[in-house]
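A.B. asks: Sequence:
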Amino acid sequence: MSEHSLPTFESFFQALHGHAPFPWQARAAARLARRELGAVTVPTGLGKSALIDAAIWAAAHGAWRRIAYVVDRRLVVDAVHERTQYIRNRLLDRSDPDLRALGDRLGEMQVVRLRGGVHGDDDWVLYPDRLSVVLSTVDQIGSRLLFRGYGVSARRWPMHAAFFASDTLIIIDEAHLSTPFLQTLAVLRDAGARFDMLPMSATLGLGQGGSAPIQLESDDLQLPTVQQRLHATKYAQLIACEGGDAVLVKQLTELATTHLARADVKTVAIIVNRVQTARLCHERLRKNRLESALLIGRTRPAARDHQLTTLLPRLLANRKRRDDDTPLVIVATQTIEVGADFDFDALVTESAPLSALRQRFGRLDRLGQRGQSQATIVHRLGKPDPVYGEATAQAWDWLTAQVRPPISEAALDFGLLAFEQRLAQNPPPSESLPDAASLLPIHLEMLSQTGVGAPELDLAAWLHGPTDRAPDVALIWRNDMLPDQPNSWTRCAELLPPLQRESLALSASAVRRWLAGQPAADLSDLGATEIEEQPSSPEGKPVLRWFGPGQSEVIFSRQIRPGDTVLLPCDYGGCDEWGWAPDATHAVHDLADSVLIEPGATRRAIARLTDGHWPSLGEDADLLRQWASAWLHLQQRAETGDEDIEQQRQVLFEQLEQACANSSHPLLRRLGRASIEPHPHGLVLRAPGLDEIEGVIETGRAVTLDEHHADVARWAHRLASHDPERNRVVEAAAVHDAGKAEARMQVLLHGNRLAALAGPPLAKSAQGRRADQLAAYRASQLPRGFRHEFASLRRVVLSDSLTRHLVASHHGHGRPWGPACEDPKAEGADLVRLDSHWTRSWSALVDALGPWRLAELEWLVRAADARASIEEATEPDPSNVSHSSPGAQP
8 MSEHSLPTFE SFFQALHGHA PFPWQARAAA RLARRELGAV TVPTGLGKSA
58 LIDAAIWAAA HGAWRRIAYV VDRRLVVDAV HERTQYIRNR LLDRSDPDLR
108 ALGDRLGEMQ VVRLRGGVHG DDDWVLYPDR LSVVLSTVDQ IGSRLLFRGY
158 GVSARRWPMH AAFFASDTLI IIDEAHLSTP FLQTLAVLRD AGARFDMLPM
208 SATLGLGQGG SAPIQLESDD LQLPTVQQRL HATKYAQLIA CEGGDAVLVK
258 QLTELATTHL ARADVKTVAI IVNRVQTARL CHERLRKNRL ESALLIGRTR
308 PAARDHQLTT LLPRLLANRK RRDDDTPLVI VATQTIEVGA DFDFDALVTE
358 SAPLSALRQR FGRLDRLGQR GQSQATIVHR LGKPDPVYGE ATAQAWDWLT
408 AQVRPPISEA ALDFGLLAFE QRLAQNPPPS ESLPDAASLL PIHLEMLSQT
458 GVGAPELDLA AWLHGPTDRA PDVALIWRND MLPDQPNSWT RCAELLPPLQ
508 RESLALSASA VRRWLAGQPA ADLSDLGATE IEEQPSSPEG KPVLRWFGPG
558 QSEVIFSRQI RPGDTVLLPC DYGGCDEWGW APDATHAVHD LADSVLIEPG
608 ATRRAIARLT DGHWPSLGED ADLLRQWASA WLHLQQRAET GDEDIEQQRQ
658 VLFEQLEQAC ANSSHPLLRR LGRASIEPHP HGLVLRAPGL DEIEGVIETG
708 RAVTLDEHHA DVARWAHRLA SHDPERNRVV EAAAVHDAGK AEARMQVLLH
758 GNRLAALAGP PLAKSAQGRR ADQLAAYRAS QLPRGFRHEF ASLRRVVLSD
808 SLTRHLVASH HGHGRPWGPA CEDPKAEGAD LVRLDSHWTR SWSALVDALG
858 PWRLAELEWL VRAADARASI EEATEPDPSN VSHSSPGAQP
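Per the working numbering, the sequence shown starts with residue 8, numbered consecutively.
These are computed hints drawn from the structure, not numbers from a lab. Bear in mind the structure is a predicted one, so any value in this text is a computation, not a measurement. Idealized CB from N, CA, C, for every residue including glycine. There is no bait here: all hints are sound.
Pairwise CB distance ranges, derived in the manner of DEER restraints:
#, residue 1, residue 2, range
1, Glu261, Pro320, 22 to 30 Å
2, Gly679, Asp713, 29 to 37 Å
3, Glu605, Glu626, 17 to 25 Å
4, Ala666, Glu261, 52 to 60 Å
Please build the complete structure, drawing on both the sequences and the hints.
C.D. replies: Rendered as structure tokens:
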């Protein structure tokens, strides 16, 4: 397709949204298509989120193939995700010629939302060939670039680092709040990471080297819609409040009620600085029989999306307002300050620094359609703001100096143009911005070492400057984890690994205090900020710390560390429909099933027929409970007698298939030819898919070593087609699993010694059930710590050090160490010893290529291996199908 056949950005935008873009948006798209950067300093309410549209359009013209949108507001991550998903879906529309042409040029596109790390839920990293748009936070993107991805398996750290450091555009929203992150990004880029930065801020001017900023120009200012937004007045009354939380909450809610008394006001926002204040306001409004919704960042994405489905038609800018609209109060934290396309008729806000207040006023009459709106700023006198410190008091002093006393009778115009003019005439006190800690070459050298023996490093000072912030814990509630049976929790989680969209992000110390029964932590929604740290209990309740199959452990809550993925019983409470609720004692709703059936979900369907989970299966629960009981009884008979029950088992399995096909539960309907796995409290039904055991990706289909090597080499050639090191990548891919020919490894893959002796060398086994795979592993007597990757280097002759490294690192080891092998004489075991040449070879490669370039080449081999395995799992198995029969049992 020729370049001129692609639509202009204006045509693309019109086809997407039904109206033309602002001129500044079109200029930004043209600059991005030329890979020209410049800070975006456009005022709030004038479409900065359209930078996503511009970056996607620019990708079709040769710009970045990975786009990361970074903002430390969880609700904004969700909102931008929705916009990007909409663009992706429209690009699949074959009826529009402009969108079809652009979609064909872009190829397959994936949209990823990272709000909190969950070990193992990261299949998107396997697709370097797709256009990728990732919406996330400073912690999530920054930790990955630094080879320590929060919530990422340590063996996959280098893959994530490569993903974000290989031809990536990083858009940083509210960049004035992320100065340390910008400084660290600059160091990483100078050290060889291949990404570019596009900072955005409506409240502070930002430079991008010598590049001119992207801003409003005369053609923008002439537009009636821009004039309307710039000239709309937003009069704010200033009120001082004396007293504690109860007094502040009473004042805020009464002011909201006063605003609602006006006939032209239907939606009011109360925006506060702390989650606890927001909850208290919400509860008071509901007691007063006012309809209220609570929007905080400390919630589970799947639950938040469900809430917004009903709320958005009443909140979005440019909605059709009606005289019979019912009054609604939205109580929120900082999570709606930026990016959220909400439009309120009136605003009540707790005082905050000017940059935060200006963002909050961006949600009031967002499009200027009302022309004149009212707001109230409430300042609590006394102790410093626990979230913003002295900056809040300094802003309040400046605000009160702008009006004549008494301040309670004065009003200050926060309209875009009026406030800009006031700032120019009376400059406010500058807000202190932290600097990042120095990131030295020795730090980069240590960070580039991952896996076994990797140094433990605290990233907070590089991402946020001097701070006591720490990465959040990902909390996941499960109803099949029975509180009185913690010994079964690991198996429960292995059967259905945690999913990112069912997780709630919370600081480690807040989780520890809650589980210990101590007073709840006082939190804000600014990243991982926590207030008033208190000592944790000596022990607390038990939870499951998840690091992946075979790497999880039941711990007491005092052992929880920042960055952990923690699973806990639903009966513990602590969460309600709105999010984090430390005082809630009712059972939390298990969201795993709903996440698995979301539109676009790619994870394999897994249904739990277990105690604790029966109510989640709805009207099918009684029938399935009876079926599971019959199946377990049949299994017990098979284990205790000589009776042949295969025919009865087949009848039961056919009954199950029929029940699932006729079920009203969408998860059950998705199962297809499910396999049946024992669960500590029942059974689990699993749709076909991939498993990994002892570092070996299993497909449930026998694949010979020669076939797999050919498949992986073909994928490597495709994924590295334009890479200067393509030949080395392909050469490594073609021999990477040679070490699997080791005799004990073949017993593992064939399932028994006789089959291993008689059959061809396998790379993948036909064992579809995890129980079968574990049994084969035990029968093989393969020594713990044996790595077939290192054994590969003893079975093939590779003289090139880079090719050897790519073979040895294709499961995340060898960077530079690997796990110690129980059998020191096993093939390749000598390579992981500290006195081997391997560490020297690793160091030389890092010096020559840089840590991110080396990780990128590893990523291509690992992605090719995974993609070939996925492909192999979907092909029919010409071998003995009885190994993978859905009803087969050992």
